[in-house]
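> Residues per chain are reported as follows:
4 protein chains.
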Amino acid sequence: MLTLDHHPSGRHFLQIPGPSPVPDRILRAMSLPTIDHRGPEFGALGLKVLAGLKQVFQTEHPVVVYPASGTGAWEAALANVCSPGDQLLMVETGHFATLWKKLAERLGLQPEFITLPGTCAQTGLPNAWRHGVPAERIAERLKADTGHAIKAVCVVHNETSTGVTSDIAAVRRAIDAAGHPALLMVDSISGLASAEFRHDAWGVDVTVSGSQKGLMLPPGISFNALSPKALAAARTATLPKAFWAWDEIVEMNQSGYWPYTPNTNLLYGLHEALDMILGQGLDVIFARHQRWAAGVRAAVQAWGLPIQCADPAVYSPVLTGVVTPEGVDADALRKLIHTRFDLSLGTGLGKVKGRMFRIGHLGDCNDLTLMAALSGCEMGLKLAGVPLAGSGVAAAIAHFAAHPAPTAG
Amino acid sequence: MLTLDHHPSGRHFLQIPGPSPVPDRILRAMSLPTIDHRGPEFGALGLKVLAGLKQVFQTEHPVVVYPASGTGAWEAALANVCSPGDQLLMVETGHFATLWKKLAERLGLQPEFITLPGTCAQTGLPNAWRHGVPAERIAERLKADTGHAIKAVCVVHNETSTGVTSDIAAVRRAIDAAGHPALLMVDSISGLASAEFRHDAWGVDVTVSGSQKGLMLPPGISFNALSPKALAAARTATLPKAFWAWDEIVEMNQSGYWPYTPNTNLLYGLHEALDMILGQGLDVIFARHQRWAAGVRAAVQAWGLPIQCADPAVYSPVLTGVVTPEGVDADALRKLIHTRFDLSLGTGLGKVKGRMFRIGHLGDCNDLTLMAALSGCEMGLKLAGVPLAGSGVAAAIAHFAAHPAPTAG
Amino acid sequence: MLTLDHHPSGRHFLQIPGPSPVPDRILRAMSLPTIDHRGPEFGALGLKVLAGLKQVFQTEHPVVVYPASGTGAWEAALANVCSPGDQLLMVETGHFATLWKKLAERLGLQPEFITLPGTCAQTGLPNAWRHGVPAERIAERLKADTGHAIKAVCVVHNETSTGVTSDIAAVRRAIDAAGHPALLMVDSISGLASAEFRHDAWGVDVTVSGSQKGLMLPPGISFNALSPKALAAARTATLPKAFWAWDEIVEMNQSGYWPYTPNTNLLYGLHEALDMILGQGLDVIFARHQRWAAGVRAAVQAWGLPIQCADPAVYSPVLTGVVTPEGVDADALRKLIHTRFDLSLGTGLGKVKGRMFRIGHLGDCNDLTLMAALSGCEMGLKLAGVPLAGSGVAAAIAHFAAHPAPTAG
Amino acid sequence: MLTLDHHPSGRHFLQIPGPSPVPDRILRAMSLPTIDHRGPEFGALGLKVLAGLKQVFQTEHPVVVYPASGTGAWEAALANVCSPGDQLLMVETGHFATLWKKLAERLGLQPEFITLPGTCAQTGLPNAWRHGVPAERIAERLKADTGHAIKAVCVVHNETSTGVTSDIAAVRRAIDAAGHPALLMVDSISGLASAEFRHDAWGVDVTVSGSQKGLMLPPGISFNALSPKALAAARTATLPKAFWAWDEIVEMNQSGYWPYTPNTNLLYGLHEALDMILGQGLDVIFARHQRWAAGVRAAVQAWGLPIQCADPAVYSPVLTGVVTPEGVDADALRKLIHTRFDLSLGTGLGKVKGRMFRIGHLGDCNDLTLMAALSGCEMGLKLAGVPLAGSGVAAAIAHFAAHPAPTAG
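Protein chains in written order, with full-length UniProt numbering: chain R, 1 to 409; chain F, 1 to 409; chain X, 1 to 409; chain C, 1 to 409.
Mixed in with the good hints, there may be bad ones.
It does not matter which identical chain is used: a pair holds within one copy or between any two.
Quick list of in silico lysine-lysine cross-link-like pairs, DSSO-like style, CA-CA up to 30 Å [to be verified]:
hint, residue 1, residue 2
1, K229, K102
2, K353, K48
3, K48, K335
4, K353, K335
5, K353, K382
6, K335, K143
7, K335, K351
8, K48, K143
9, K229, K353
10, K143, K54
These are calculated hints, taken from the structure and not from any lab test.
Note that the coordinates shown come from a computational prediction; the quantities given were computed from them, not determined experimentally.
Excised from the complex, chain R in its bound form:
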């Protein structure tokens, strides 16, 4: 029988930036018996989760739910609005922006990649992987596209590989300033329900998201939130699509059902997650993540290690990238911490592999969980011989004691 107990005692601390720790309440809901996805109980469940999702995305328009993980929702977004050879404008903010671009290329599209040039003198890391989306460069590029060949601007809201949360409203303003008809497509897989996100108010046409981050579910469900403009674009786009096609799903969803077998037990979990999230209020949740992030950054700064995000205006409330000194293999450090203290930290991905690790502070956490994680990091850094300027744990204690958690109302 399956056991995941690889340490002799106690609970694992999962502090990667997703999958985030799943609350017991959600795990329990997911273990309810599977029911008939064509029966009346299922329809009622479907309507309820679809209504709740709109509140989380802050939209009045349809949210499409896929029984698939997040990469599928990236593909779905593109497959529904694009035709073969369409041009896209994308921005290199890190590993996931890069993967989305590669996916677009595999679909036969032509993405153009805006990149901040150069590397950082302090850390040696690429500047593009330490900053947010430069809205002004998007505006410039769109203004130059007088023929309106660019079909969509695609950006990542919260770059999970770097800990940078870009200003999406600014991207919308840039597109509008350029008077360009491009769609705005946003990956908020790791931002949704943790970092502020407003699909309608920010003028997003397609938001791509997933279950395993702020929604506190296991991976396996993903989303496309749509605008009327995106729905209109889908009607004429010619990339082949079937599983991902919005039209049948949106229509069937009106009665709470799906055109093909949905992900029953993950939808049970989604039901619970929505209950928990909407019961507390999104603003309380956003403030909670900001407070956690500030405490974790206080620790990193006390250690004297660089925070990967170089621009305080776009620090992520969801995760913090910690750059290790040259010569310290961040993955060897992570392995030591995992083996010794039963704590999982996020690995460095792509261009920053081995040079950083990521501390997730999202979802089902609390102050003491983060104190545990920071303690594990500090012990690991010491054991790895990394010289520290001071105690990050002490700094976090000072922060969390001084700042009470936000509460509703």
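Position chains F, X and C relative to chain R; hints supplied.
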């Protein structure tokens, strides 16, 4: 908090032909905490389930696991081996064969549909929806395709909408007899792990399957089992593909990981399912389903109602379609049984809607579960005023008492 | 890791008269993390379950909850109100009445046993084990006790070993008619929450009950519901008592706590059970059990086997004892049914061992669960070669189809 | 439906000295369906847990399992070997020793209480509540009892109210040195399976224990481990006993069953606990607790607060009592920490109420759990305005980083 208790007391009986009842042991495994899909524990899990799946598909070649439901695996099969405009030979065996054909059309392919003509005098139902795949007609058609324009023959192994299990080995023989290079692609979504299926021995190139039937999992994982010929075809096929692309998945799977976030908690469930299935042995499981099916058919015959499958050679071991007398709305009957006896039966789909219901006898069942289901049907039929020739329950009791269950060794 | 899966497929059918099948909702509640039994959350839980219990016992007076199984509550009832050597009047209604008498003897009390003499011509079983409490004989005996030496009358409400539910109000009337001050102590371990029971209205002084029957919990909690007269008697009784002593418990309970560590996780389950039971209403639940019992008796009568309870006025709604023909070993039959059909039936206890089996129809059941159980019995009886007059299953189908389940309001 | 989520996010930290945190694996086992306690599966389970318990108690003699919480096992130990009016020699080591003495008095026994006189100058606390059992005073008293009127010596192994673990082998030596036939009865409710304990080797006659500490179960099961001498004494003792009587239980246990309904689902949990504990080995577990205790004491000492246990030779590996400065209400501090950081700490009991809190470090813990708990304490102490000599968290980090956890083999 989510509750699915719509009846005041007792357990729901889920006797639809999938999702099948999920064993508690699997539901529990699925509710273990989500872990880091890039950590060492995950890699070990990945290797174990991939090895187990090969045994279930009876193949030595790769089995690709998608974090997506079954319709996705249909699309994946086609997207990997086809190029735009490719011709396919498909067979109308029922609703799911029809849906797969429509999906092929949406992808820009050209499926040709072999159909058994006419309707049945006794029931008024289409003959095509009461019989299996006519291998000889496939042979004929392929022989006529001297230019080898047909890329693949696509058939459904166990038609979930009709209760017909076609002879796949015969289809392979037909292709070979025609000397045609077409790939053989088989949907065994509802056949795998309940009805005998041999991917390698039967010369299947792509088997499409899913989690929510014989594997006794909730929906949300699906599969493509591959042959070397299919893998070769994928290298030159030009339909755009990214999420579904086999190449990266097969490569990453060698170390137990996936190129994008896998469906962690459903993989926990899959681990348990494989343990349970391989621990008993496939042959015992196949025999068990055959015995259940015979008991259920004995009941239907005693009631004097037609079994939807008109050909005893291809009776499904997984489900039995029961045709209601003209004038009796099968869905009203199902609703009555659901309301009164907390029993879910499968609805009639597509061309047989309202004229039949389906009794699932697969997965986590036993004799008494089926006796409960047949009792619910018999009470419902009586309450609906359907004249019965005799007691199906008595016939099933006679059958199950007379035939001991198969055991291993 | 623990597994209870002794059959290769499907769920076990537990149709013994307790422990009854525990609803998933209760099992899940019981698996919530254990909390501090001195913390504020616990106090709130304590107050809630204590209030709910009063409703189930239909009393306005204290209900004492023991972290112990039912035998402990028998002892508690006696230990609190008796002094060494006290006389008790008890009635032999079956195995559990006999065990309670033996327990009284071990405590140094002097129970007198009223017994219906003789054996039944048809079945050879003792008459006392086929009938209810004879209230008139209690009245007689008490009238003869002019010195009021008898401290208490102790009777079993629902005899789990025989399927007889005695008339408790009649016993109270008998005591009153005799003008006797004896306390009325009632074991309703298997009656509470399934068969009608009214602690206050029926003038019961101590009701003993347990968790694993109508409350649908696992064993491990038991109860003493008290009257003011019982509380007064406890103040002067001199049997040594500490763990069982009501005084400290009743006092601490006022704030929702217990003087020693309570049974935290079973109390979680009790919370759920009370929610489920009181949400439906006791009268609906009582009617539901009566209907099930009538269906099961219809089956037994159709088989032509004697129902153990010889008096239709006191048929138990909770269980039905089935007497096997002489020469048929009821335990061998039970074993055959368990092995072949994964169905547990109750064994014959004490004086009826080997001559009967018991079908439980209580708690988390429904019509189809009982049809499954009756099917298993009928198949087992056939396989054991027991000649049957007819089909019990057919009789039960006729009964359940003809009688809709009771609903609230 | 029951929810225990009183904080908006994250898991509760339960760091009281019992109930200890229950591993998920045990909670899951406990939620398996309840089975027939007279069926064959149950008998096999019974034999397995009874054998495992002997290993944990380090005895070759019977261990009696009660479906009752620990106070019941205290009563059982006395009720089986004592006769009315028997003299006992007990030692005031704290709150639980005092409660056991009161229980003995309620049973009509005559306990004599050895007490270390005076109060501590530094803390104002009673000396008796800061030290272990003084074996030499027991020896003296027994030597003076030349008539051998004292039936038993009763001591607490690990005083949960003080964090003192007494030397039980020394007590046995004292009894032997006095040449006295008194039985040695030991409460190791909170010691068993966390602190070294050897029933046979240390010559204990009755060990009383419970489920909710080192065995990592919820409360509800308790134990009496017996010696042949205790079994012999029970044959002639005359206190009334029924529920607690060893004789029937020991006899029925030979086949894996109990004379009355056992605590099925807690026994499932016990099965898992034994698997986990014996799989690791007791010595590894004892060393693990010693290491944790040393880390926690390093923190308390760094804060400059007195450890309640005044004698380093008897520091408890299970919990550490922390004495708060005069004027600081320890319960107000605990409440602040609970409210703000979702951490439960143990309250001061009896004579030390309000003057101390207890940190549990037992059962399903690990280094990071303790770091979280110590961080919560340190933040709470700061917020309560308690002046600290230094950072306890920093001291614990230094300790845990410097000392690797013990491993088997």
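> Next step is simple, just say for each hint if it's right about the structure.
Results for each hint:
1. In this assembly of identical chains, K229 and K102 lie within 30 Å of each other by CA distance both inside one copy and across copies; the values are 25 Å within and 27 Å between.
2. Taking the closest pair of Cα atoms, K353 and K48 come within 30 Å of each other only across two copies (27 Å); inside a single copy the shortest separation is 41 Å, beyond that limit.
3. In this assembly of identical chains, K48 and K335 lie within 30 Å of each other by CA distance solely across copies; the values are 22 Å between and 42 Å within a copy.
4. Taking CA atoms no more than 30 Å apart as the test, K353 paired with K335 passes inside one copy only; the shortest distance there is 14 Å, against 44 Å between copies.
5. In this homomeric assembly, K353 and K382 come within 30 Å of each other (Cα to Cα) only inside a single copy, at 21 Å, whereas the closest approach across copies is 40 Å.
6. Proximity of K335 and K143 under a CA criterion of 30 Å is satisfied in neither setting, with 48 Å inside one chain copy and 60 Å between copies.
7. In the homo-oligomer, the alpha carbons of K335 and K351 lie at most 30 Å apart inside one protomer (20 Å), although the nearest pairing across protomers, at 48 Å, exceeds that limit.
8. Taking CA atoms no more than 30 Å apart as the test, K48 paired with K143 passes in neither setting, with 43 Å inside one copy and 53 Å between copies.
9. Taking CA atoms no more than 30 Å apart as the test, K229 paired with K353 passes in neither setting, with 39 Å inside one copy and 37 Å between copies.
10. Taking identical chains as interchangeable, the C-alpha atoms of K143 and K54 are never at most 30 Å apart, the minima being 33 Å within one chain and 54 Å between chains.
Violation of the numbered hints given earlier is confined to hints 6, 8, 9, 10; the remaining hints are satisfied by the structure.
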